[in-house]
Amino acid sequence: MIETLQWTTLAICALTAAARIPSTLRGENRSLFGIFALMTLAILLSIQAPYIVIDQALGGINLANLLLRFVIFGTIFFMGIRISRGFGADNAYRLITGRTGILVLLVVSAVMIALFFSMDTAGSSAGLQAISAKDARHFALVEYYGAAGRAYPAFVVLALVPAMVRAVRDRLPILVRVAAALLAVGAVAVGLTLLFPVIPPELGQVEFIINYTAILCFVVGLALIWVAKVVNARTAGQRRTSSEM
Amino acid sequence: MTLSAKAFQRWLQGIAPDASTADVCRVSGIKRTTLAQQLVRGKVSVSTVVSISRAYKINPVAALAGFDAYTALAGPQRPPTRSELVSQVSTPDLLRALLARPAMDAALGAAAPALSATPHATSVKNWVDAIDDGEVRHRVSASTGVAPQNYSAQLTANRLSPELAVATALAAGVGPAGGLVATGIITEEEAGWPPGARQAALDSLADGELTALAGDRLQAMGKVLRRQEQDQAQTEKIWENLG
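Quick mapping for you: the protein sequence lines, in order, are chains A and B.
For the first sequence, counting from 1, position 227 maps to 227 in this note's numbering; every step adds exactly one.
For the second sequence, counting from 1, position 34 maps to 1034 in this note's numbering; every step adds exactly one.
To be clear, the hints were calculated from the coordinates, so they are not data collected in a lab.
One should not assume that every hint holds.
[Unchecked claim] 25 Å max Cα-Cα, derived SDA-like pairs, lysine to any residue:
1) B:K1223 - A:G88
2) B:K1006 - B:A1016
3) B:K1237 - A:Q48
4) B:K1237 - A:P173
5) B:K1043 - B:Y1056
6) B:K1237 - A:S23
7) B:K1237 - A:D170
8) B:K1223 - A:D170
9) B:K1237 - A:R166
10) B:K1237 - A:V161
11) B:K1237 - A:G27
12) B:K1237 - A:I21
13) B:K1237 - A:R94
14) B:K1237 - A:F117
15) B:K1237 - A:R171
16) B:K1237 - A:R85
17) B:K1237 - A:P50
18) B:K1237 - A:I81
When you get a sec, could you build the whole thing from the sequences and use the hints?
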């Protein structure tokens, strides 16, 4: 089931990124294509088979996992900028791009890199499961490393939640409100990842479901806003032609 | 509220005993599928009864009065109040009337063109404002069980269900058919408003009253327009960044 969820999410994300290519070539919101492409890469890196292939190419010391963390940070950072600008969340925008946001990003990154290199990471293993199983010290280090990797995304998306909730209740086109609701659900899901350490290991599937719910909500939410724009442009165009007749 | 299909069939028997449903639809211009669906669901809309009444040259108000939910419409029609009449003058007509007053522009002074037919773009809201003593909304929501915010939402959209329109008129103590005129279900003539009554009411307003009224209308219109513009700007911004 988890595998299906992963590959489906990958397909949806890749298709959305591909669908953005024409408008990217026209120069419309290039960073959106970047966001979708980065998301696709992130999902690819979190699935076992592609992870092993890529990590082997990078030397087999799980550098691909570190890469995955930074791909996620990049996606979240640019998504945070676009969403906070689009929804007029000036406070969230200042928080993410201001000194606080950059400081959080730098500290989290430094901690993550330090933790990564203090581990013996030889032997490709998606999610560092094999590394975690080595001994108690490595188990703890992997937990801290994972927590650091979840901290920055949670920081960014939680800053966006109030603006999303406001947008759902505003008088905006219905598709945009649905999109805002999806983004809010995705943001809450990312926020929930902070609770992963207290989830018992036998409920490990819950972590996957929360992660992929978040990604799917973000991808579909962002795509819906785009759809709403296209739909609006088309109906506005029709209105113009019909009034000219 | 809709009318029961049973009562509707009985009423139809009374006015067109030999007509088939198809005949009725043809003369009244109602789509056959629409009427069939309303009959199957057992709920016939007020506008269906109004259309059929007009086709058979019956006063729609009198026809509606024969249904249980609308008995309040029975009896001699009460004349509208002056503020009701003025509320049913559209804002452009009101402004033209104001501009034609010598007090505004002595040089103009020409007669304003004839008023456009009811209803107008904000007719429902203006009508309720015209008859509201400040408590009408509460009384309507108490008597009908409709939540105040749903009632306000209908007014903002310049809509009011026929049931609420009649309930509002009753709660305000004005002629029961006035709300049906404001919502455009029936014409002022069908409601028994004398011809030219709106024009006469408008003419009877003193310059000061008319100017203040026009000011109120413009202020309300400005608020609506500003809100629309803000919503539009917000949407544009979302699309500009995320579309």
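The hints, checked one at a time:
About 21 Å separates the Cα atoms of B:K1223 and A:G88, which keeps this hinted pair within 25 Å; it holds. The straight-line distance between the Cα atoms of B:K1006 and B:A1016 is roughly 15 Å, inside the 25 Å bound, and the hint therefore holds. Between B:K1237 and A:Q48 the alpha-carbon distance is near 40 Å, which puts this suggested pair outside the 25 Å criterion. A threshold of 25 Å between alpha carbons decides the hint, and for B:K1237 with A:P173 the separation of about 13 Å falls inside it, so the pair holds.
A C-alpha spacing of about 21 Å is found between B:K1043 and B:Y1056, which places the hinted pair at or below 25 Å, so the restraint holds. Of the supplied pair hints, the one linking B:K1237 and A:S23 holds, its CA atoms being roughly 18 Å apart against a limit of 25 Å. For the hint pairing B:K1237 with A:D170, the CA-to-CA distance comes to about 14 Å; that is within 25 Å, so the pair holds. With a C-alpha separation of about 16 Å, the suggested pairing of B:K1223 with A:D170 holds against the 25 Å cut-off.
Distance check on the hinted pair: B:K1237 and A:R166 sit about 15 Å apart at the alpha-carbon level, within 25 Å; holds. This hinted pair checks out: B:K1237 and A:V161 have alpha carbons roughly 18 Å apart, not beyond 25 Å. The straight-line distance between the Cα atoms of B:K1237 and A:G27 is roughly 17 Å, inside the 25 Å bound, and the hint therefore holds. For the proposed pair B:K1237 and A:I21, the alpha carbon gap of about 22 Å is at most 25 Å, so the pair holds.
This hinted pair checks out: B:K1237 and A:R94 have alpha carbons roughly 17 Å apart, not beyond 25 Å. Distance hint between B:K1237 and A:F117 is unfulfilled; the C-alpha atoms sit about 43 Å from each other, more than 25 Å. Of the pairs offered as hints, the one joining B:K1237 and A:R171 holds, with about 14 Å between alpha carbons and a cut-off of 25 Å not exceeded. Only pairs whose Cα atoms come within 25 Å are accepted, and B:K1237 paired with A:R85 is accepted, the gap being roughly 8 Å.
For the hint linking B:K1237 to A:P50, the alpha-carbon distance of about 38 Å lies beyond 25 Å, and the restraint is violated. Distance hint between B:K1237 and A:I81 is fulfilled; the C-alpha atoms sit about 13 Å from each other, no more than 25 Å.
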